[in-house]
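Please work from the sequences and hints to get the whole structure.
The listed protein sequences derive, respectively, from chains A and B.
Okay, so the first sequence: first residue is 7 according to my numbering, each after it adds one.
Okay, so the second sequence: first residue is 7 according to my numbering, each after it adds one.
Treat the hints with care, as some may be off.
Any copy, or any two copies together, can satisfy a pair, since identical chains are not distinguished.
Below, computed lysine-lysine pairings styled on DSS-like, alpha-carbon distance capped at 30 Å [unchecked claim]: (1) 68 with 200; (2) 8 with 68; (3) 227 with 8; (4) 227 with 68.
Hints are computed from structural coordinates only; laboratory data are not their basis.
Protein chains: 2
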Amino acid sequence: MKIISQTTAFGGMQGVFAHESTACNGEMTFAVYVPPQATREPRPVLWYLSGLTCTHANVMEKGEYRRMAAELGLIVVCPDTSPRGADVADELTNWQMGKGAGFYLDATEAPWAEHYRMYSYITEELPALVREHFRVDMDRQGIFGHSMGGHGAMTIALRNPERLRSCSAFAPIVAPSSADWSVGAFEKYLGADKAAWRKYDACALVEDGARFPEFLIDQGKADGFLDNGLRPGLFEAAVKDTGIGLTLRMHERYDHSYYFISTFMDDHLRWHADRLG
Amino acid sequence: MKIISQTTAFGGMQGVFAHESTACNGEMTFAVYVPPQATREPRPVLWYLSGLTCTHANVMEKGEYRRMAAELGLIVVCPDTSPRGADVADELTNWQMGKGAGFYLDATEAPWAEHYRMYSYITEELPALVREHFRVDMDRQGIFGHSMGGHGAMTIALRNPERLRSCSAFAPIVAPSSADWSVGAFEKYLGADKAAWRKYDACALVEDGARFPEFLIDQGKADGFLDNGLRPGLFEAAVKDTGIGLTLRMHERYDHSYYFISTFMDDHLRWHADRLG
Numbered sequence: 007m008k009i010i011s012q013t014t015a016f017g018g019m020q021g022v023f024a025h026e027s028t029a030c031n032g033e034m035t036f037a038v039y040v041p042p043q044a045t046r047e048p049r050p051v052l053w054y055l056s057g058l059t060c061t062h063a064n065v066m067e068k069g070e071y072r073r074m075a076a077e078l079g080l081i082v083v084c085p086d087t088s089p090r091g092a093d094v095a096d097e098l099t100n101w102q103m104g105k106g107a108g109f110y111l112d113a114t115e116a117p118w119a120e121h122y123r124m125y126s127y128i129t130e131e132l133p134a135l136v137r138e139h140f141r142v143d144m145d146r147q148g149i150f151g152h153s154m155g156g157h158g159a160m161t162i163a164l165r166n167p168e169r170l171r172s173c174s175a176f177a178p179i180v181a182p183s184s185a186d187w188s189v190g191a192f193e194k195y196l197g198a199d200k201a202a203w204r205k206y207d208a209c210a211l212v213e214d215g216a217r218f219p220e221f222l223i224d225q226g227k228a229d230g231f232l233d234n235g236l237r238p239g240l241f242e243a244a245v246k247d248t249g250i251g252l253t254l255r256m257h258e259r260y261d262h263s264y265y266f267i268s269t270f271m272d273d274h275l276r277w278h279a280d281r282l283g
Numbered sequence: 007m008k009i010i011s012q013t014t015a016f017g018g019m020q021g022v023f024a025h026e027s028t029a030c031n032g033e034m035t036f037a038v039y040v041p042p043q044a045t046r047e048p049r050p051v052l053w054y055l056s057g058l059t060c061t062h063a064n065v066m067e068k069g070e071y072r073r074m075a076a077e078l079g080l081i082v083v084c085p086d087t088s089p090r091g092a093d094v095a096d097e098l099t100n101w102q103m104g105k106g107a108g109f110y111l112d113a114t115e116a117p118w119a120e121h122y123r124m125y126s127y128i129t130e131e132l133p134a135l136v137r138e139h140f141r142v143d144m145d146r147q148g149i150f151g152h153s154m155g156g157h158g159a160m161t162i163a164l165r166n167p168e169r170l171r172s173c174s175a176f177a178p179i180v181a182p183s184s185a186d187w188s189v190g191a192f193e194k195y196l197g198a199d200k201a202a203w204r205k206y207d208a209c210a211l212v213e214d215g216a217r218f219p220e221f222l223i224d225q226g227k228a229d230g231f232l233d234n235g236l237r238p239g240l241f242e243a244a245v246k247d248t249g250i251g252l253t254l255r256m257h258e259r260y261d262h263s264y265y266f267i268s269t270f271m272d273d274h275l276r277w278h279a280d281r282l283g
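Here's what the structure looks like:
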């Protein structure tokens with residue numbers, strides 16, 4: 007693992023690291039915040055998955071998570087959103103496909119399958135690496151994310167309830183199989199057979215029987231992507247009568263930006279800390 | 007005044023605005039955070055001056071000031087660090103001179119004097135504009151800043167104690183007349199006669215009799231600019247036996263970045279709120 011930077015913040019350490027990824031078949035970069043408590047004992051770990059066009063850096067710079075993570079003693083890991091590098095397939099003029107738009111799935115179609123294996127990367131390879139290098143309590147893991155990363159967090163939680171104990175999302179894409187900005191990507195990554203899309207779609211996963219104890223979702227009502235891309239009401243309908251808990255908070259005047267995310271970041275970190283013990 | 011953006015954050019509004027500046031002879035951009043309390047009553051205003059290479063955007067994105075500003079009801083104004091535009095003199099390969107390096111002074115030398123009048127801009131023109139457009143209580147003004155902006159905040163406070171009631175700084179340049187990264191700029195902006203530099207030098211101002219009640223300074227001990235550029239010990243020596251209060255806190259492991267600034271931002275906002283009432 008290569009150290010890109012390590013900086014003191016709120017008594018802990020904000021680091022950026024790079025490593026050769028087997029899952030993504032190339033170098034991957036991620037950020038980790040280690041709170042001061044981790045010098046004394048293993049601490050719970052939170053995975054934060056970012057939205058379209060982001061790298062690890064957006065939330066690291068604008069997410070405002072370190073103060074509360076330091077207070078609660080949470081390790082926060084922020085991966086990139088896709089494979090990177092000159093040999094990685096991309097659509098240069100399409101921000102909803104390719105680099106910055108990995109959708110946290112394992113692509114099966116050429117040319118994408120060669121590198122775009124973010125599901126395996128986030129659920130297997132990166133946890134193993136983080137366990138090896140940081141003082142984490144892997145029995146206490148939570149996951150959250152924004153937009154495409156909210157989709158990633160919710161689908162990964164629904165498919166790994168034995169490993170993840172908490173999940174929350176800021177303005178998530180809850181039904182990517184039918185959302186404006188993901189249908190095109192899903193078809194290219196996964197092929198035309200929509201049956202293969204269902205394990206990467208939170209609403210479809212719940213319909214197919216996947217379960218997770220409860221979700222927290224915050225959504226701005228002034229978010230321009232609300233009606234065509236995000237549609238949290240679909241998830242609210244999907245979990246009805248399933249026993250899955252959902253706290254869905256709709257906020258007047260808030261948009262899709264990190265100004266929205268940072269406003270509610272403390273609430274999310276507390277949500278996870280309460281459930282991770 | 008032109009609205010560049012207005013975004014809801016922490017119940018208030020983070021805005022970016024542009025206007026034609028008389029002082030700087032061209033368009034200037036600045037950021038303002040308005041806390042929710044300002045919808046009901048005039049609120050105190052804090053001026054945040056940024057460091058070399060910054061615009062208004064660095065602290066707006068990485069400073070993490072909105073949560074506490076909303077809690078305390080503080081309006082926070084973040085100006086740019088220099089005039090901008092194609093017709094503004096610059097040294098393209100020198101980050102310590104020209105654009106991004108206005109040093110909060112009124113230049114007297116050609117070609118700089120045509121636009122570089124940041125002292126007049128910050129102390130006269132921008133306050134008048136802010137008073138006109140936002141619900142500010144101009145009897146409760148504080149000022150703070152980082153690095154070159156800490157220099158700006160301290161010199162402006164020392165020269166305007168009747169208007170400013172509180173001042174603090176993150177890693178300020180306290181003696182720019184003799185610091186590595188400012189001597190060259192001062193000579194070009196102000197000419198070779200060092201007597202003209204003294205009113206833009208916090209240590210020299212105190213030596214010459216300027217007074218301000220008290221300062222808070224936070225400084226990282228792992229800051230690479232500490233010994234040649236910042237040297238807070240010089241200010242500590244300058245205020246000795248003057249009656250000027252100084253709380254100088256030296257922090258192990260912290261560097262010069264916004265990770266350092268954001269860590270201590272809450273303390274600074276509380277420092278100002280305590281003094282602004």
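Consistency of the hints with the structure:
1. 68 with 200: Cα proximity of residue 68 and residue 200: none, with 36 Å in one copy and 41 Å across.
2. 8 with 68: both (24 Å within a copy, 25 Å between copies)
3. 227 with 8: Classified as between; 25 Å across copies, 41 Å inside a copy.
4. 227 with 68: For residue 227 and residue 68, both the intra-copy (21 Å) and inter-copy (25 Å) Cα distances are at most 30 Å.
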